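For the protein sequence lines, the chains are A and B, in the order given.
Quick note on numbering: UniProt numbering labels position 75 of the first sequence as 75, and the sequence is numbered without any gaps.
Quick note on numbering: UniProt numbering labels position 96 of the second sequence as 96, and the sequence is numbered without any gaps.
Honestly, I wouldn't trust all of these hints.
As the list claims (entries may be wrong) - Quick list of in silico lysine to aspartate or glutamate cross-link-like pairs, EDC-like style, CA-CA up to 16 Å:
#	chain 1	residue 1	chain 2	residue 2
1	A	79	A	162
2	B	68	A	261
3	A	163	B	78
4	B	68	A	258
5	B	110	B	78
6	B	103	A	162
7	A	79	B	78
8	B	187	B	119
9	A	191	A	82
10	B	103	B	63
11	A	79	B	104
The hints are simulated quantities; they were obtained by calculation from the structure and are not laboratory data.
Predicted model, so just to flag it, every value in this text is computed and none were measured.
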Amino acid sequence: LEEVPLEVLRQRESKWLDMINIWDKWMAKKHKKIRLRCQKGIPPSLRGRAWQYLSGSKVKLEQNMGKFDELDLLPGDPKWLDVIERDLHRHPLSTSPSPGCLRRQQDLFRVLKAYTLYRPEEGYCQAQAPIAAVLLMHMPAEQAFWCLVQICEKYLPGYYSEKLEAIQLDGQILFSLLHKVSPVAYKHLSKQKIDPILYMTEWFMCAFSRTLPWSSVLRVWDMFFCEGVKIIFRVGLVLLKHTLGSSDKLKSCQGQYETMERLRALSPKIMQETFLVQEV
Amino acid sequence: MAQNAMPDTSLEGIHPTYMYKVVLLGSTSVGKSSLAYRYVKNDFKESLPTVGCSFFTQTLNLELATIKFEIWDTAGQEKYQSVCHLYYRGAHAALLVYDITNKETLNRAKLWLRDLEKEFLPDEIVVALVGNKMDLAAEREVSTEEGEEFARTKGLLFMETSAKSNHQVNDIFMAIAQQLLQREREKASTTSPRGRSTVDLGESEARTGCC
Chain A
1 LEEVPLEVLR QRESKWLDMI NIWDKWMAKK HKKIRLRCQK GIPPSLRGRA
51 WQYLSGSKVK LEQNMGKFDE LDLLPGDPKW LDVIERDLHR HPLSTSPSPG
101 CLRRQQDLFR VLKAYTLYRP EEGYCQAQAP IAAVLLMHMP AEQAFWCLVQ
151 ICEKYLPGYY SEKLEAIQLD GQILFSLLHK VSPVAYKHLS KQKIDPILYM
201 TEWFMCAFSR TLPWSSVLRV WDMFFCEGVK IIFRVGLVLL KHTLGSSDKL
251 KSCQGQYETM ERLRALSPKI MQETFLVQEV
Chain B
1 MAQNAMPDTS LEGIHPTYMY KVVLLGSTSV GKSSLAYRYV KNDFKESLPT
51 VGCSFFTQTL NLELATIKFE IWDTAGQEKY QSVCHLYYRG AHAALLVYDI
101 TNKETLNRAK LWLRDLEKEF LPDEIVVALV GNKMDLAAER EVSTEEGEEF
151 ARTKGLLFME TSAKSNHQVN DIFMAIAQQL LQREREKAST TSPRGRSTVD
201 LGESEARTGC C
């Protein structure tokens with residue numbers, strides 16, 4: 001775990017507070033500097049607020065005052081509610097819930113339900129739950145809802161829609177980028193006939209929240225909110241390169257199944273936040 | 001070539017290892033991941049909804065052969081349906097799982113079967129229909145007979161299981177193993193009356209691994 005010295009953390013906090021106070025000016029004139037600060041990691045105490053500024057969900061909420069409460073009061077389509085409810089009960093934590101955990105689960109239900117009412121044609125996709133859960137750890141339900149809206153519409157448009165066309169397309173893009181980044185890994189995956197869909201679906205749809213250790217998830221999301229989907233691509237490429245990028249690494253995964261297994265159980269070393277952020 | 005000049009590679013003569021890809025298909029939250037988990041780890045835990053795919057292996061040492069199952073556990077939500085053929089491509093067996101307390105999931109299993117029938121010839125894949133959640137039999141919406149009858153008309157293996165209470169989970173995988181081996185034997189005897197080598201067999205059908 002990367003330990004940030006307390007003084008540095010305090011300094012970063014005050015810098016972020018200054019930025020947040022005159023956010024529009026910073027966005028317009030000093031985007032590069034914001035990017036750099038996101039790469040260094042947003043101070044935990046300000047992360048939730050920063051994500052709302054970076055994603056534009058704060059503005060979205062202000063433009064739609066009361067909309068979330070309105071959706072919150074509607075009953076919702078039983079077809080989606082049934083799946084959402086089942087999913088919440090399946091969470092390993094649901095067997096011994098603390099009061100805080102229960103409230104968070106209720107909030108998760110409210111946010112996901114509200115989204116199905118906000119975009120009835122899209123409904124609920126199971127990959128949205130981990131995304132919303134990460135958001136709810138940093139902000140209240142209404143804020144998390146609008147942040148989820150931004151992710152689904154601006155950052156990862158089409159990822160959660162019927163047919164998964166956007167994911168399939170991004171899978172192909174990832175694969176062609178891999179050709180440049182790591183020809184060895186590219187050749188291996190081609191030879192094994194492993195379609196990108198087989199390994200990148202969870203990575204991309206959950207924005208790595210189900211893949212990486214928690215500290216790395218936060219750092220990746222800091223950059224993701226600032227720079228967008230290209231961060232997801234870059235993380236994916238780093239993981240592929242460092243898992244399948246040399247003949248030495250390939251020795252132990254000769255078959256299709258062994259390769260898939262390796263990609264499902266990535267080495268902790270390459271997922272560690274300092275290493276990963278530096279490589280990305 | 002005289003038969004006795006050939007290396008002793010008949011099915012009876014050596015103990016071959018077969019690798020089979022088995023894919024779990026079915027609606028969301030019918031218990032696909034739980035079945036795989038019970039079978040491989042002999043344990044039960046609530047699992048998060050699968051996004052994409054996850055993987056398990058299990059080795060079975062049978063009298064006649066060693067079988068290594070590569071189990072591909074897929075996401076059940078309908079949204080993923082369009083990419084599912086990528087998961088079951090090259091599978092040797094499929095478990096079509098439904099939840100006995102939810103009639104709709106059996107209907108979905110029937111649709112899965114239709115998809116499989118488009119992709120595979122009948123003798124290319126062993127299909128088992130699995131009614132899971134026997135521990136919730138009090139809330140049953142699908143009778144045993146209904147599942148059984150459908151499986152019979154379609155020539156599928158059939159079992160009702162419970163991943164939670166460990167009911168017939170091993171049995172269904174064992175039944176699949178037996179049927180796969182049966183098919184190997186049939187192929188070996190039909191393709192060459194003089195007894196084809198298992199190496200050839202392995203290349204053309206299931207991958208034969210060294211052990």
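Cross-check of the supplied hints:
1. In summary, the hint linking residue 79/A to residue 162/A is supported, as the alpha carbons are separated by about 15 Å, within the 16 Å threshold.
2. Note on residue 68/B and residue 261/A: the hinted pairing holds, with a Cα-Cα distance of about 15 Å set against a maximum of 16 Å.
3. Distance check on the hinted pair: residue 163/A and residue 78/B sit about 9 Å apart at the alpha-carbon level, within 16 Å; holds.
4. A distance of roughly 13 Å separates the Cα atoms of residue 68/B and residue 258/A; the hinted pair therefore holds under the 16 Å criterion.
5. Annotation: proposed proximity of residue 110/B to residue 78/B holds, straight-line Cα distance about 14 Å (limit 16 Å).
6. Straight-line distance between C-alpha atoms of residue 103/B and residue 162/A comes to about 23 Å, which puts the hinted pair past the 16 Å bound.
7. The straight-line distance between the Cα atoms of residue 79/A and residue 78/B is roughly 12 Å, inside the 16 Å bound, and the hint therefore holds.
8. With a C-alpha separation of about 21 Å, the suggested pairing of residue 187/B with residue 119/B is violated against the 16 Å cut-off.
9. The straight-line distance between the Cα atoms of residue 191/A and residue 82/A is roughly 41 Å, outside the 16 Å bound, and the hint therefore fails.
10. For the hint pairing residue 103/B with residue 63/B, the CA-to-CA distance comes to about 39 Å; that exceeds 16 Å, so the pair is violated.
11. Between the alpha carbons of residue 79/A and residue 104/B the distance comes to roughly 12 Å, so the proposed pair stays at or under 16 Å and holds.
Violated hints for the displayed structure, listed by number in ascending order: 6, 8, 9 and 10.
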